[in-house]
Amino acid sequence: TELCAYHVSSIQRTNGAMVKQREEINIGILDIYGFEIFQKNGFEQFCINYVNEKLQQIFIELTLKAEQEEYIQEGIKWNSIDYFNNKIVCDLIESKSPPGIMCVLDDVCATLHAVSEGADMKLLQKLQAAVGTHQHYQGSNIGFVIHHYAGKVSYDAEGFCERNRDVLFPDLIQLMQSSENEFIASLFPEDVSSTTRGRPTTAGSKIRTQANRLVDTLMKCTPHYIRCIKPNETKRAHDWEDSSEHTHIHKDMSLETLSYTIFVVFIKLFLLEEVRERKYDGYARTIQKAFRKYNARKFYVKLREQASDLLLNKKERRQYSLNRNFVGDYIGLDDNPALRALVGKRERIEFANTVTKYDRRFKTAKRDLIVTSKGVYLVGREMVKKGPEKGQLKEVVKRPLEMEMITGVALSTMQDDFFIIHVQNDYSSLLESVFKTEFLTALSKKYKERTHKELKVEFSDTLEFPVKKEGWGGGGKRTVKFVKGNGNAALLKPSGKVLTVSIGQGLPKNS
1 TELCAYHVSS
11 IQRTNGAMVK
21 QREEINIGIL
31 DIYGFEIFQK
41 NGFEQFCINY
51 VNEKLQQIFI
61 ELTLKAEQEE
71 YIQEGIKWNS
81 IDYFNNKIVC
91 DLIESKSPPG
101 IMCVLDDVCA
111 TLHAVSEGAD
121 MKLLQKLQAA
131 VGTHQHYQGS
141 NIGFVIHHYA
151 GKVSYDAEGF
161 CERNRDVLFP
171 DLIQLMQSSE
181 NEFIASLFPE
191 DVSSTTRGRP
201 TTAGSKIRTQ
211 ANRLVDTLMK
221 CTPHYIRCIK
231 PNETKRAHDW
241 EDSSEHTHIH
251 KDMSLETLSY
261 TIFVVFIKLF
271 LLEEVRERKY
281 DGYARTIQKA
291 FRKYNARKFY
301 VKLREQASDL
311 LLNKKERRQY
321 SLNRNFVGDY
331 IGLDDNPALR
341 ALVGKRERIE
351 FANTVTKYDR
361 RFKTAKRDLI
371 VTSKGVYLVG
381 REMVKKGPEK
391 GQLKEVVKRP
401 LEMEMITGVA
411 LSTMQDDFFI
421 IHVQNDYSSL
431 LESVFKTEFL
441 TALSKKYKER
451 THKELKVEFS
461 DTLEFPVKKE
471 GWGGGGKRTV
481 KFVKGNGNAA
491 LLKPSGKVLT
501 VSIGQGLPKN
511 S
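Take 1 as the starting number for the sequence shown in full-length UniProt numbering and just add one per residue.
No lab work stands behind these hints, which were simulated from the structure alone. Heads up, the beta-carbon is just placed ideally off N, CA and C, and yes, glycines get one too. Among these hints, one or two may not hold up.
Stated by the list, open to error - Heads up, simulated SDA-like pairs for lysine to any residue below, C-alpha to C-alpha not over 20 Å straight-line:
#1 K398 with T354
#2 K497 with H422
#3 K366 with I420
#4 K468 with E432
#5 K122 with S140
#6 K293 with D334
#7 K357 with D334
#8 K357 with L401
#9 K374 with V434
#10 K497 with S511
#11 K126 with P98
#12 K366 with V434
#13 K497 with T356
#14 K87 with V215
#15 K456 with R324
#16 K398 with Q415
#17 K481 with E432
#18 K509 with R324
#19 K366 with G332
#20 K456 with M403
Claimed, not checked - Restraint ranges, calculated between C-beta atoms of paired labels, are given here:
#21 E69 with E117: 49 to 59 Å
#22 K398 with A185: 44 to 54 Å
#23 Q392 with N85: 54 to 64 Å
#24 Q39 with K477: 52 to 62 Å
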């Protein structure tokens, strides 16, 4: 709320045309969200529809009555058609005496303290007692229905009280005011001393006040509605469809003849404006997506440069790896909520890729390797043995590694894709991935941010590491030896506790 108010005041300060020293004639354009009816309607839809209900009241007051008076003055014959005066719905929502929905909501919020559990059910009970007999209100176990001018809307009461409170406690305001950042401190100019402290205003009361202030302003104005004739369906210039134009003109002529049928056109225009608003929202999202893509590309270009520094003069490179773009998420975690939930929904994913894991006998298994700001996760699949999901494969975290547990990463000097993650006081993990460079870069960056230390990276053609203990057998150590061979594909030859990896010459280490 404070940030929104800051933007408005900034625009008014910087744009001299919006700051008037005296009253004068001006033209204003009102642009808000249209009437909203979704499958699940909450507090936000309630507020939006309330404002639209108020605007409909203005339409009745200024437009319909004004046209009626104009017909009388011009001596035009017309038949009076009854229309729904929605003042009764506005009173149901905003009335103070008898209390309407907003007053009851504020009353329930005023009795809340730290615990808000059960508040929404209490709200429904109080609403039933206060407005339960109102002809435009209908209560239920989970919410209520309001008979708006545009139709019935069912509201889910869950979260109503919490969203209406919208409270920023005084101690948090004082914390913001004490910030060394002048911008943050300027967002909270209010006095929160004990002498001036009172009950904080709710979101609903703010909207009610602003809506009534808007109505007062609009009642002083003369509203105008523009009727447009749609020339075609192709959205091209100089393309006229005679049948379509004839239909539009005929309807507009009918409006003048039938007078009050203009009411129906208002609803249609309103719905079209709502569709337009949603289109604009889609355009904004497209722009956001393009900017984020551009920003992310800059980020990964920088990562690629860091990767070159990590491996420069230390390891041979594959032919197509030097100019490859870094993607980060090769699994598609955004489309896999079950896998995403294993590492925390709010955790930022720095790297995710399916890799090959080697056990103590150098047998392979597939694992999802995920790097976040907190650590590294190896995710596998297990068969569910009990319950309703019995027999199904389910993702499980096979090995979670916090950044502080990792002691280093080891690689060979050749162009192979092997790397070993060393862990403090525990066994190491031997893995293989074509995106090892990107993994190493992401891990190195997050490791430094988390531990304030540089990640230890070792390069050697003989790598020794401890393995996991299984059963009665000891864990011991295993060795991976890298030797020159032919071709770009690695040839593996396990022999006891040693794995020999043969691979051809790669690009020079200084590439």
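Okay, the hints, checked on the actual structure:
no. : hint                       : result
1   : K398 with T354             : holds, 14 Å
2   : K497 with H422             : holds, 18 Å
3   : K366 with I420             : holds, 16 Å
4   : K468 with E432             : holds, 18 Å
5   : K122 with S140             : holds, 13 Å
6   : K293 with D334             : holds, 15 Å
7   : K357 with D334             : violated, 24 Å
8   : K357 with L401             : holds, 15 Å
9   : K374 with V434             : violated, 23 Å
10  : K497 with S511             : violated, 34 Å
11  : K126 with P98              : holds, 13 Å
12  : K366 with V434             : holds, 14 Å
13  : K497 with T356             : holds, 19 Å
14  : K87 with V215              : holds, 13 Å
15  : K456 with R324             : violated, 25 Å
16  : K398 with Q415             : violated, 28 Å
17  : K481 with E432             : holds, 14 Å
18  : K509 with R324             : holds, 17 Å
19  : K366 with G332             : holds, 16 Å
20  : K456 with M403             : holds, 12 Å
21  : E69 with E117: 49 to 59 Å  : holds, 55 Å
22  : K398 with A185: 44 to 54 Å : holds, 48 Å
23  : Q392 with N85: 54 to 64 Å  : holds, 59 Å
24  : Q39 with K477: 52 to 62 Å  : holds, 60 Å
Of the numbered hints listed earlier, those contradicted by the structure are 7, 9, 10, 15 and 16.
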